[in-house]
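Chains as they are written, first to last, in the working numbering: chain L, 1 to 438; chain Z, 1 to 319; chain F, 1 to 208.
Note that these hints are calculated values from the structure, not bench results. We put the CB at the ideal spot given by N, CA and C, even for glycine. Heads up, some of the hints might be wrong.
Claimed, not checked - On the chain Z side, residues computed to face chain L include the following (Cβ under 10 angstroms):
#, residue
1, Gly107
2, Ala111
3, Tyr113
4, Asn117
5, Ser118
6, Asp130
7, Thr132
8, Leu169
9, Thr203
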Amino acid sequence: MSQTYVLRGVRPLGGEPVDLTMADGVVRAIDAVGAALTDDSVVLDYTDFIVLPGLVDLHTHLREPGHEEAETVRTGSQAAALGGFTAVHAMANTEPVADTAGVVEQVWRLGREAGYVDVIPVGAVTIGLKGERLAELGAMADSAPRVRVFSDDGKCVHDALLMRRALEYVKAFDGVISQHAQEPRLTEDAQMNESELSGVLGLKGWPAAAEESIVARDVLLADHVGGRVHIAHVSTAGTVDIVRWAKARGIDVTAEVTPHHLALTEAEAATYNPVFKVNPPLRGEADRAAVRAALADGTIDAVATDHAPHPSEAKDVEWQAAAFGMTGLETALSVVVDTMVNQGRLDWPGVAERMSIAPARIGRLADHGRPIAVGEPANLVVIDPKATRIVHAQSSASRSRNTPFADRELPARVVATFLRGRPTVLDGALVSATGVDA
Amino acid sequence: MKRHLISAADLTHDDAVLVLDTAVQLAAIADRPVKKLPTLRGRTVVNLFFEDSTRTRISFEAAAKRLSADVINFAAKGSSVSKGESLKDTALTLEAMGADAVVLRHGASGAPYQLANSGWISSVVINAGDGTHEHPTQALLDALTMRRHLKDDVGDLAGLRVAIVGDVLHSRVARSNVLLLNTLGATPILVAPPTLLPVGVETWAAQTSYDLDAVLPSVDVVMMLRVQSERMNAAFFPSQAEYSRRYGLDARRADLLPEHAIVMHPGPMNRGVEISADVADSRRSVIVEQVANGVAARMAVLYLLLGGSEPPASTEESA
Amino acid sequence: MSERPESGGSAGEGVAATDEMRVVMTSDDVRRALSRIAHEIDERTKGADVALVGIASRGVPLARRLAERLGDIQGREVPVGELDITLHRDDLRLKPARPLLPTRVPAGGIDGATVVLVDDVLFSGRTVRAALDALSELGRPRAVQLAVLVDRGHRELPIRADYVGKNLPTSLRETVRVHVQEADGADAVYLGHEPGAAPITTDESSQS
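With the hints as extra help, turn the sequences into a complete structure.
As structure tokens, then:
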């Protein structure tokens, strides 16, 4: 028998306070505050705290196998749980690449052994991410983790014919291709957004058109073959316009945006500090405003962290030599509260939709992003909306320290995370977990 | 004056004029029997060059030695392949050796800025060229040259029109010159094919033109930038021949210049590509003199940044 | 620096001395002193190839005037030069870097000549030491002599002046200020306490 928990005074989706009881992996009861039965239960006083369905990340890099110096499935899962996540999609650009059933099953198993979040491996679209031949997408779909999201992220599926075939092929198992939109010929050795600033700083530019031209092509291909396309890390106003146009025509396109693109602009690059070097790059003010508005109105369906840990020797160097990427699992929710909720652009139900319900739907996850109701799986996150904290890079659970928010004050704090009714985080700290068997 | 010289924008108008005036005084040493001053005795200047550049390195070395500083030349190989062992580790080694100033030439834009602000070293940092970003001492020696020929070695460059011709997109010399020329009251005019002008150049404090013939009759200085053949491979222009035809400075174009105008080039030159041999060797050309002025300008920078306990606070006080 | 006096005053009267500074040489005193020094130079360097070199900044106008006076006496053009000693100072590292003033070698050079260095105030002697170093880089004089308008004592090096306009015993707490017509509008020498001046330093940067 598992431990029963009562969350007292908690506010589902920011609504009226209730007592929420979890037992045997599901929500057993929702009662008026003070009315819950509490024998043999642990009662947690969560007065004024918000409870949301556990967050779901469509885009994370856990680096294992192959780059464990940056992160492992275990440390990444811990970071995710602390960030309020109950499920993360682990991108395929590991070493070896996750382009076979064998590798995806390995990643899935490591996630279950760690036991902090459900780790759902993403399958590569092409063998070795080389962009030449399709990987065995069907085998990965049939494997234990039942892969549904496929991506060459890190690289773009730039060959138009291969992208078309991939979109068509995955229809057989309701799969989706998550495209990292970056025309390689326009962005060779690119370092930051191409703009006035890149001209002044002497850094090679990454033009917005290199993202937008691929997005435009891919929504048209998805339309033509009746497939499902997902646009990873939307970064430009032009991409937003294209996605909006495509949705208006009924094309099955979804899109995600990262917390750092909601919060930051290319102005950060002026310090030449490589913690701000990321792919796609931080863009201009107009782009940031456009993605915020798009997340608010639903043109962008989800927030996805693109958590990209790197060891210090890959970032403590001159800009051109530095790796691309920022960590994000532990700060994502706070950044969304800071840029969207506290600015009045999104309410708590909106946060639930963008950070849990929609990503779960896109990833076809049955147990996550569910309504908070009796009988539903108890994958929940409890949040203190009024707390603030200063981000300390050195004390992150991730193995890596490359957060762009170091020393900044951010609002909201994850108080507790529950994975099928079992706490992975309590009072903001990890609860050591034992592995769970199916 | 700022502690480091990373960008030409670090110099105010008065700072820049002070550097030029100091350079004029220091240049006179070349005519003395003893070509040395004791000013920087006991100071150590490290030339930290990650890019090969014999010309600039020798210029800084001569400048430091004429002021009696100890010079250490460090030719480092740093590339994105050997990441982690290049800039930071080298800097920590230099700090342990007690360098007073580090003259840094690096292929990565922003490297001197990072070095100065990283906390790895406590020395003064002088940018000797970083990637495609800036080359402030080049702009200073260019200004010194222009002032000598067009302003009698006095004051600033107010009213001068200076054409900068060529691969502006990849040129740190162009960026530093645009900044410094504006600071000194001159007007830069950038001339290049559209592919070699950066996005956003219309926000720069410079005029731009695609037509060299139209610009030449109205300028006091024409500065030719080196064009690299790799640019042709990346489709910036179709062929060297077409580039030369449209943007090369040959004798016909030199005749379009006003009588008093001078021809400059930061070097090394591609004779026959951006500049013809006869123009490079003509009486208008001050290219060789630029090299000598480089030593004087660098002596002035070393003296002003290192000679006292700190750089001059205000350029109004005089001895 | 002390305030600029209103021009047009002779005999130092139009000068705005502060409460703490008093005049110890009027413009007439200065004129007479320079005249006397010129004669002394003429006597002691009879027959020699004399060149005057003023130590920047206030030594320069004084050197020019002496050269003119001496020229009148000897009936010839006496070569005059300027020497900026900033780069030879021994206290460079203690202060921010200073702008340089011109150095001009007297016509005909200084090799084999008798060079008379000219300065306004002789104090610790460090300026003169720096000037000797600087001079040695311009050439090799046969002999070097020193002429100063005021000797205020407190030598820190074994240096003495050959020609002195006025011997002025002072305490280290006092300040000596020399004004010359070319730079300040009128000639005068002041002694006293400058408001806000730090005492007990022989740092001559505050003197010249």
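A quick look at each hint next to the structure:
1. Gly107: Holds - the Cβ of Gly107(Z) comes within 10 angstroms of chain L, reaching about 7 angstroms at its closest.
2. Ala111: Given a least distance of 5 angstroms, the restraint on Ala111(Z) holds.
3. Tyr113: Interface hint status for Tyr113(Z): holds (5 angstroms vs cutoff 10 angstroms).
4. Asn117: Since chain L brings a Cβ to about 8 angstroms from Asn117(Z), closer than 10 angstroms, the hint holds.
5. Ser118: 9 angstroms, holds
6. Asp130: Holds, because the Cβ-Cβ distance from Asp130(Z) to chain L comes to roughly 7 angstroms (cut-off 10 angstroms).
7. Thr132: 4 angstroms, holds
8. Leu169: 8 angstroms, holds
9. Thr203: Holds, about 5 angstroms.
Hint compliance for this structure: every hint is met.
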